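Participant: Protein chains in written order, with the working numbering: chain A, 10 to 746; chain B, 48 to 383.
Everything labelled a hint here was simulated from the structure, so no lab data went into it. Please read all numbers here as calculations on a predicted model, not as lab measurements. Warning: the hint list may mix true and false statements.
Stated by the list, open to error - Quick list of in silico lysine to aspartate or glutamate cross-link-like pairs, EDC-like style, CA-CA up to 16 Å: (1) 166/A with 50/A; (2) 251/A with 46/A; (3) 106/A with 208/B; (4) 89/B with 123/B; (5) 106/A with 335/B; (6) 120/B with 706/A; (7) 678/A with 650/A; (8) 378/A with 221/B; (9) 106/A with 50/A; (10) 378/A with 214/B; (11) 37/A with 179/A; (12) 204/B with 221/B; (13) 333/A with 260/A; (14) 248/B with 263/B.
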Amino acid sequence: MRALVLAPLALAVCLAAAPALALDAPTKLVDYDIQVELHPDTKLVDGTETLRWTNPSGDRVADLKFHLYWNAFRNNRSTFFKESGGQLRGDKADVEKGWGYVDVTSMAWNGQELAKGFRFESPDDGNPDDRTVLSVALPRPVEAHETIELKIAWKGKVPRVFARAGYVRDFFFFGQWFPKIGVYEPAGLRRRTTSGWNCHQYHANSEFYADWGDYKVSMTLPERFVVASAGAKVDEKKAGGKKTVTFVQKDIHDFAWTTDPRYVVKEDVFDPAKDLPQEEVEKVSKLLGRSPAELRAGFHPVTLRFYMQPDHEKQWLKYQGAQKWALAWFGLYAFPYPYAQVSVIDPPEDGLGAGGMEYQTLYTVGTNKWLGRWPLNKVRFPEMVAIHEFGHGYWYGLVASNEFEESWMDEGVNSFTEAEMCDRKYGMFLEFPFGVGFQDEHTQRLIVTSHDYDPIITSSWGYASGNSYGRNSYPRTATAITQIRRMVGEERFWRGFRAYAERWRFDHPTSEDFFDAIQAGAFGPASPARDAAPGQATLTGASVLGQADVVMPLKTDNPAFTAREYRGLIRRTFYGTGFVDFRVLEARSDELAGEFTGFNDLRKATNFTEDLKDKKKKKDKDKKKDKDKGPWETRVIVGRDGDIVLPVDVVLTFENGKTYRTTWDGHGKWLRLRTTYNSRLAKVEVDPEQKVVMDGDPWNNARHLKDWKGPSAARKVQAYAVHLAQIVFSSLWAIGL
Amino acid sequence: MTSKKSSPFSAGLSSALAFPRLAGVLWLLLAAVGLLVYVALKGAVKPFDDGPFREAILQGWSSWGMASWIGFKSREMAVSMPVIYFCALVFFLLHLYVTAGVLRVLVLGVHRPVLRRVLSEGASLFRPTLWATLRFAISLAFWEALLVAAPLSLFEKLAGDDPIPNDVWAVTSELWTVVVGAIVLFNVMARYDLARIALAKDDAPTARGAYRVAKERLRGARPSAIGLLLAWLVVSAVLQVLFTNLGIRMNPSTGAGLALFVVVRQLGFFLLAMSRVGFWGALMAWEEARRPVPLPMPVWKPWVPEKVAAPEPAVLEPAVEPAPEDVPAPPQEQLG
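Chain A extracted, bound-state conformation:
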């Protein structure tokens, strides 16, 4: 009875309190004390862990769920293997020798063995052969808010690396490597209406989700191995040719480590006094309306360790620069990094299956030796990966969204911040000789060249294909967030963004939490949308221009983009497969007839003959006399394909150099502009500042009227292309032909 009363009340309190609470530390529900011994020759691991778990809900929990992620690599019947076809990001599984597993050999609670209650579950696809979710029936339920202690023993075999974790030669990467308890979500968390376990199978496209807690991990392995780990090393003991190294990290939900005798370790420190750019502090101070002192507070020195392969040693400087910039940027636009260290891991070139992956206080990158040499040293792929993977330390790490169910909150938000950081620091992240290159944001924007079959918000295994998962989770989300930013303006966007980050750090947000935070920052808390008039809008008449031939000032944010349009955009992109394509449908300027011709009000024929038998043709004097003197009637029609409604600027440029700008709110399918003016229309441009980044085809956004003269960009491109061809052809001379 009490539960019936309290539960809805608790739910209401949680939902009401959600916008206001910001956590300085997570609610910790787990405490892991793990000991593991690695046998490098056999690739076997023996592990024990003491897990203290707290029931976060008011329920009595009768069973426990554990992730056994490495069983995805157990055989070709696992869900992961079936969905992925035995490959991830182009790396293939070694089906002859590379299988791995993790087996819980014992689990005891209060001295009582629980192994009899073990059962594998497949809550997502019902695959009876999948072993990545272990359900443990308990002899008695765990009471509400009770903390239990489990002693777990397990054995594992390290798979050959192709999907994040594994080995190649003496390089070992341990990610998601131990029996890891799932998340028991009480009602109210992530807007759940009922409590329950959130413990999904390991899918080809999914990543991870876990509870916050403290970790202490001791690894025993041969002395020659260099160990890199999340957290800080607190102890090292050597005996009999082996060493046991202990690391501790608090307030995290994931713990990874790696070892390789070949690691070359480089250390540095992020020192806010030196590495926090003053101009950036001032810029953000104006943007967010906070004082520089307030922004600087919370920054502290962070130890940076780079574990490099010997053949990439010099490239650590690339990672160092990227890492320091990322620490500065995130600290200003989100919140200062709370941990004391970051470890950056460089896997060997044939172990890149472990590369490009995030864990807390540690992440892996990936490069090859050519990227450190001219002319590829400005192809900033290593830097981009470092910024991206460190960014995951925020989106998924500190703001711990559920990567299984809402992959966009991690990958998409991170892709957005990655592009912002890369383009700000490097200009062009893909830079080739002779000044040719591309910005990161532009490569992401190319996603609009084709339409989607899935909404952005789809469970990671629910997309039509791996390609759809990749498109929607990464670039489509990043482009949609960029669109929101362009529409609401810089100040409003970043204030909402920082508010989201600060509110949801150390917590588990959902999609709506992100949308609410941005909406509150952009339009004020819970602002209803203004109603816009439906149907097409027309602007007519000479009064539009008349004598006031001025260029309207450029707007930085658009008052026609209200909370209503914002929610419409969310609905059609994040919850739908919508698209938008503005285009110029018609653009013409016709000289008005000069002399009056026809019947006047007195029924008198003027400038033509009534006599139908008169075969004399009246010479058209207008042709020569008043040609090209105007005025002209200009008519422009702009259309909108797709179902996303966004306001868009339309600019008319006339031959006399004057321009006319207006903003169409995007409602209705077309906008017609009509005016009479004493100069001919030269060109029409829709969205000249490219604020509509989701436009499905920017190439139909402009029309130049055919007799407008000016330098030709087409000829320039043509000339350069021809010269490129001539360079290629003349290379025959170089090879002696």
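With the hints as your guide, set chain B onto chain A.
Facilitator: Same frame as chain A, now just chain B:
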């Protein structure tokens, strides 16, 4: 004719300066094919004037302009590509034809009329040149496979299973590929170029014969031939990089600027063509120095009968009669 005392490189420089019209013929070929490519691309680049990136492209490189063109207009480009591939094939064949004629004209030392002469001489040499080029391609493939690819497989085996990336075997393989690959290429190239010179000089009527002649020329002197090849390759590369850089930096944004850009770039290609003529001149001078010294030819003289001296009067010397005692006295005639 080159002075026996000047080096082949300087002989090549002299040729380059002395035969600008030959370079002009080469350049003309390049310009003509460039024009074909220009026409082929007309449709593909039209959106740059009609679309929203006109001003940005005129100012210089536009990341979103070019990225979106690649993303949104790849179909227009794809339509042009077959024509461009066709242009490449046409250029290749015409190039063989024209360069054969250029070589022959260079051998003959003809300064005018060049174009007509190149075309007519090229006609007779085209077929053997084609065969020689085919042999070049096959030789190159064969020697690269034998001397580069095969050792690389061996290195891979020696490296064992799971070799450490970029270890000594990997680095050795890379260095081997570059160094030995280049040596093989230049060797095959040198023989091919000398074979073409042999064809131009009529030292052999067929590609096979020309290759034999080339082999003879190279005997004991490959390094110097390859050195000459490398030197002129460097000259070409420097010209190409310089003018490409200059062209990029010009970044024309007006019609006049674009015209100047075209002129400057074509000047670059013309100089490149001159360097190619220079190379052939240099190689010809090198080859001249290696030609075997010919046996002196018998000189024909008109027959002039020899003057016969009047015989001296005969001097009759008495016959040596036998001594009387030697000869029985003749019987005395008795008269009775």
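Participant: Which hint numbers doesn't this structure obey?
Facilitator: 5, 11, 13
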